[in-house]
Amino acid sequence: MWTPWYIAAFATGIITIIVTIFSFLFPSRKITLLLRFTFDAVSIVNGICVYYATGVTAIWSVVAVDAVGIVRDVIYLFRVKYKWADKLFWLFLFEAIFAASLIITWDGPIALLPVIGSLICNVALYLKDVK
140 MWTPWYIAAF ATGIITIIVT IFSFLFPSRK ITLLLRFTFD AVSIVNGICV YYATGVTAIW
200 SVVAVDAVGI VRDVIYLFRV KYKWADKLFW LFLFEAIFAA SLIITWDGPI ALLPVIGSLI
260 CNVALYLKDV K
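Remember, our numbering sits 139 above the position in the sequence shown when you count from 1.
Check before you lean on any hint, since a few could be wrong.
Estimated spans, in silico, between C-beta atoms of each pair [to be verified]:
| # | residue 1 | residue 2 | range |
| --- | --- | --- | --- |
| 1 | Ala224 | Ile160 | 23 to 31 Å |
| 2 | Val219 | Ile259 | 20 to 28 Å |
| 3 | Ile157 | Phe228 | 30 to 38 Å |
| 4 | Ile243 | Ala263 | 30 to 38 Å |
Just so you know, these hints were derived from the structure itself, not from any lab.
Just so it is clear, CB atoms sit at the ideal spot from N, CA and C, and this is done for glycine as well.
Between the sequences and the hints, there should be enough to build the whole structure, so can you do that?
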């Protein structure tokens, strides 16, 4: 039961929860995006650990969404500094990618959860006002 993969999945899951809590504590958009980047990176590791610990294939939809989320976080961080990153195009591109990831990683209705969450999160992170 307590395999190394299971322990790693548990530990990285705790880290993602802590990072998520901290992301709500800071009013700065930059810090929120950096914490979201950290969340996405740790969540990918968590997803891989969960897969090897349990064999649940639906976790790959979470990993795919978080991989795209890392790219999104970097581009949204550059919105203030670079004009190319401040285009509405990026919002629609990431929305389309998140929706397409559902088709690619479909493993039943459970695969809807990370994608719907990412669609909502994408809009929230695109906004310049974190309030």
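| Failing hints, ascending? | 4
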